[in-house]
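Enquirer: Here's the letter readout for the chains.
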Amino acid sequence: GESVGLHLPTLSVQEGDNSIINCAYSNSASDYFIWYKQESGKGPQFIIDIRSNMDKRQGQRVTVLLNKTVKHLSLQIAATQPGDSAVYFCAENLNDYKLSFGAGTTVTVRA
Amino acid sequence: ETGVTQSPTHLIKTRGQQVTLRCSSQSGHNTVSWYQQALGQGPQFIFQYYREEENGRGNFPPRFSGLQFPNYSSELNVNALELDDSALYLCASRSGLGETQYFGPGTRLLVL
Numbered sequence: 464g465e466s467v468g469l470h471l472p473t474l475s476v477q478e479g480d481n482s483i484i485n486c487a488y489s490n491s492a493s494d495y496f497i498w499y500k501q502e503s504g505k506g507p508q509f510i511i512d513i514r515s516n517m518d519k520r521q522g523q524r525v526t527v528l529l530n531k532t533v534k535h536l537s538l539q540i541a542a543t544q545p546g547d548s549a550v551y552f553c554a555e556n557l558n559d560y561k562l563s564f565g566a567g568t569t570v571t572v573r574a
Numbered sequence: 078e079t080g081v082t083q084s085p086t087h088l089i090k091t092r093g094q095q096v097t098l099r100c101s102s103q104s105g106h107n108t109v110s111w112y113q114q115a116l117g118q119g120p121q122f123i124f125q126y127y128r129e130e131e132n133g134r135g136n137f138p139p140r141f142s143g144l145q146f147p148n149y150s151s152e153l154n155v156n157a158l159e160l161d162d163s164a165l166y167l168c169a170s171r172s173g174l175g176e177t178q179y180f181g182p183g184t185r186l187l188v189l
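Heads up: the protein sequence lines correspond to chains A and B, in order. Using this note's numbering, you'd call the opening residue of the first sequence number 464 and step up by one each time. Using this note's numbering, you'd call the opening residue of the second sequence number 78 and step up by one each time.
It should be emphasised that the hints constitute simulated quantities derived from the structure, not laboratory data. Quick caveat: nothing in here was measured; it's all calculated off a predicted structure. The reader is advised that the hints may include incorrect statements.
What the hints assert, rightly or not - Listed next, the in silico DSBU-like pairs over lysine-lysine satisfying Cα-Cα at most 30 Å (straight line):
id, chain 1, residue 1, chain 2, residue 2
1, A, K561, A, K505
2, A, K561, B, K90
3, A, K519, A, K505
4, A, K561, A, K519
5, A, K561, A, K531
6, A, K505, B, K90
Work out the full structure: start from the sequences and follow the hints.
Expert: What follows is the structure, encoded as structure tokens:
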């Protein structure tokens, strides 16, 4: 079946460095993608989203890039901080009612 | 904080029992979705309610059922609990179809 997947299950990054988290999707009809951050014991927290008519979108310290040609999505976090340690999920909006999530990437920030 | 609240926070049940989980959506949100998140995995879509009607369902058996009330709050009911139902149950609300979903903190269910 079609699903959203992340390239790497874990990412270790030095505090202050930039982080890049990747995600591949397979449903070419998807038109909306979201990145969520989930800290231990909490629900997913919205970070940033992007629609298929855009290639790039920036937020506070975060940038999402969408490459529809290769069905690839990435999240860039600038100047990674200890508070950025969490599990990051990309999600694909399907059929206007369902979000399909990948398994997540665990980001650990080293001091 | 998103404004989406869930109760209870934790729950322990035994196999075969029934459970009801509750969700209050964020103010102004008329659409509520429920997800199941097993340990170490991403959330899996259970179903969605829009204006008190179920309008989308994932690959879950009929013993998973729900309701949405006129104030847009929602319940998830699970009958005949199985050990594999142990998970974090998440509720998400949004202001309409096609809009961003915001999640609550979840209810952690343990089935013994």
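Enquirer: Against this structure, judge whether each hint is valid.
Expert: Against the structure, the hints come out as follows:
1. A/K561 with A/K505: 21 Å, holds
2. A/K561 with B/K90: Status holds; Cα separation ~28 Å.
3. A/K519 with A/K505: Between A/K519 and A/K505 the Cα gap is close to 28 Å, so the pair holds against 30 Å.
4. A/K561 with A/K519: Roughly 23 Å separates the two Cα atoms, so the pair holds.
5. A/K561 with A/K531: Distance of about 20 Å is within 30 Å: holds.
6. A/K505 with B/K90: 21 Å, holds
The structure is consistent with each of the numbered hints, conforming to all of them.
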